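Residue numbers (the working numbering), protein chains in the order written: chain B, 5 to 476; chain Y, 103 to 547.
If you're looking for bench data, these hints aren't it; they were derived computationally from the structure.
Model, not experiment: these values are computed from the prediction.
Each hint should be verified, as a subset may be incorrect.
Quick list of in silico lysine-lysine cross-link-like pairs, DSSO-like style, CA-CA up to 27 Å [as the list claims (entries may be wrong)]:
#, chain 1, residue 1, chain 2, residue 2
1, Y, Lys324, Y, Lys429
2, Y, Lys406, Y, Lys429
3, Y, Lys208, Y, Lys141
4, Y, Lys462, B, Lys113
5, Y, Lys141, Y, Lys210
6, B, Lys113, Y, Lys356
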Amino acid sequence: MSENNEPRRTAVPDPDRIPAAQSPESLATDAEIETPDVEDTAFVTSLDTAGGAMQPSAVPVSAQSGTLPGAEEPDSVLRKIFTGNGVVTILAVLLALILGGLLIASTDKVVAATSSYFFARPGDFLSAVWSAATGSYVALFQGSVFNPRGSGVGGQFAPLMETLTIATPLITAGLGVALAFRAGLFNIGAQGQIIMAGILASWVGFALHLPVGLHLLLVLLAGVIGGAVWGGLVGVLKARTGAHEVILTIMFNYIALYFVRYLLDSEAFQRPGETTPISPILDPTAVYPQIFGSQYRLHIGFLLAIAATVFVSWLLNRSTIGFEFRAVGANPKAALTAGINVPRATILVMAIAGALAGLAGVAQVAGTEKVLTDGVAATYGFDAITVALLGRSTPWGTFAAGVLFGAFRAGAVQMQIQTGTPIDIVLVVQSLIVLFIAAPPLVRAIFGLNPRKKKAAPAGKSPKAATTGGAA
Amino acid sequence: MSTTATSPVPGKPLKPQQRPPHPDRNRKPAVSAKPVTWKLPVTLLVLAVVAFIVFGLLGPHGTAKFGISSGGDFFQLPAIEVPAYLAGIVLSVIMLGLAGYAMVLKTKNVRPPRWLPVVFTVLFVVSFLIWVVGGARTPSISLAGLIAGSVTLAVPIVFGSLSGVLCERAGVVNIAIEGQLLGGAFTAAIVASLTDNPYLGLLAAAVAGALVSMVLAVFSIKYVVNQIIVGVVLNVLISGLTGFLFSTVMQANKEMFNSPGRLPIIEIPVLSSIPVLGPILFKQSVVGYLMYVAVIVVWIGLFKTKWGLRVRAVGEHPQAADTLGIKVNATRFWNVTLGGAVAGIGGSFFTLVAIDSFTKEISGGRGFIALAAMILGRWNPIGAFFAALLFGFADNLQSIVTIIGTPVPSQFMAMLPYLVTVFAVAGLVGRSRPPAADGIPYVKG
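Please model the entire structure based on the sequences and the hints provided.
Shown next, in the form of structure tokens:
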């Protein structure tokens, strides 16, 4: 019944009283209305998260930066310096790895055997836990970064090349998701955008026979357009009808998946003489050249991913249009008031996000796979979401997160071969990382970084805010 | 506290009359300003014209045969034989008429009655069915089998969409339905195998679903993390976790960990022999019967009880609810947990009813279809139930179509539910409005 102490305070921003007391101002912009009741965190929060004019799906700005909405008081600045986002990110990764290690250990046979005589010789048990977890992680590292048993320097760094190859679609698709986040849109549709890009790019790649250079350029263009159209369509539907883009993108993923399955079953796409759904191999003129020769799979798609990162970085931080995107993401209502064409920004940002995911699709069909199958997108589209979240929706953060998850993916294959640990552990670790990063207070609490006085801060704040609110 | 929360009109969604000049209250000013739009009439007209041309003029000239009774029924009904061409013309002309009626209403600025899109959909589905069957190599299907199969396939979708309704009516977006189904399926399999008792597996599935949901609740309510982010990530987490444990634990000892017995099909003597309806209503597993119970209980609970009124108040206007003394975040927490338990039961369908073992990703995206069913059903348990049936129908039709051999590629049949959902959320098939505070965390001021 603790709320019963509150009514007097909650009654201050009484809906009926605000218009009465502030009737001239209430006709003005929302920002002005909001000023008199600053103490009402619910108002601030809903502004922060709902954003206003568009659907409630808008990703809160505060969620992108990983801090609590409503907790953006000045005193949190000090706390940020102590336990900043960087620290939380590292701790979150560490925590996820520890939990993943425990999971690996819990299903390990040696651990199970030693646990039966745990009380007699606990050391055996603990060392078994340690070796099970570290064994897997060492294999993961060897499969993703550096393999000391490789032949020569080239062989030793082969895993790193594989990591970067797998990171390529993750980075570009992740950039697409991140860009949409910044505009307040939750783009779950990278999967479908990759597939549509893959369809168009592969068709240009195997059906047309064009000279070197031009062919690859057209493949690239076709893929980017395919992704852009599929993403832009979501933007159009969202802008015109107000439909929720999360639902739209999920549905578009499935539509794209069944569409590619249909095509691979049709004469135009199925490889002649094949019964399995697989397309012809792309022409040699249509595939990405390899960067370090044919011994590695790493292709120039990775360089394009770097270029895309630079481009998104410029777009968001330096261009007018990027400013509009961020303004819409921060507060669509205010952006509209400021004269920004919100529907246009929505369509545009989804189209660019789709184009970026399309780049990932091209990297798949013209770089890594060289054919189109219905598994062209693998799980890159969904991983891209976690990549963007881990990268806190910044271009270079996404790049780094893409490389990290690429390493997980590449290493997991090696880990499964060497230690028998299933690849699925990577999904667990990835999702735990994102969960922990999204909730910094939890991570701080686990590592005991929450200062005691923080508990007192909100309590001390409210009366103060109430008085200032009353004064205003 | 209890008296203030009861509305004089139970069963009606709470509509706060005087809303504060609050930014997110005016989310869709354009739509609410003009009540009758051209969307519905135009969509109906386009669909009717498509039906007229494809199902009617270009339709097959064969006869579609629909068997109604199955062998065990206690009275036999003759099979219905429909001349496909004539039926296509007649039905599509009726559809054209309905579209015209909607247009007339629009010109008079009258909102079309609620039965109109429903009747239109039914007609469209029927003429589509006749068209598909009439053009097939073997133009004969068992209607009873088709409907019974649809209901069976719809079971997990119904439970999932009920979970969505429970969560979103309280203002928490639940993208994690897929994870809840998968968690339920996995736990049901493992517990039923260990205890040799499928009923314990069913119970465990509910607990597992609730636990998955609690993670969603804790992160989205206590830590105010964006609910969509938590939902998406939870799906990945559960997929990874069950996949990992499946590969390590279940594969290693299939006998011990992955051989749950099936839940028996309980047949209610005389009633189950009623043609068509019998198998649907009276020849189900426990999970199937629970589905009907759950739909009715959730509907009554949400729209006819004090509890439901509070839940909806929390989902529509948490501040007002809080002022009346309803514990907003506690209500949300327990609703999300309850939703998870419901979805968990639905997940047990995969491993205890459909087949008797767990495999990776056994839920196969049905959680997302459930989400779509919830939206198509307009956040109403009954509506979600029928939407789920529609999706189950499309799913079942897809496999039947492959067997009887029609010109329609099965992939397009599979695509249908998703296309319908896109049309639905885009407001073309009636407007679906989520609870006002859906997805917005509540931080007490």
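Going through the hints against the structure:
1. Y:Lys324 / Y:Lys429: Since the Cα atoms of lysine 324 of chain Y and lysine 429 of chain Y sit roughly 14 Å apart, the hinted pair holds (cutoff 27 Å).
2. Y:Lys406 / Y:Lys429: holds (20 Å)
3. Y:Lys208 / Y:Lys141: holds (10 Å)
4. Y:Lys462 / B:Lys113: holds (22 Å)
5. Y:Lys141 / Y:Lys210: Since the Cα atoms of lysine 141 of chain Y and lysine 210 of chain Y sit roughly 15 Å apart, the hinted pair holds (cutoff 27 Å).
6. B:Lys113 / Y:Lys356: holds (16 Å)
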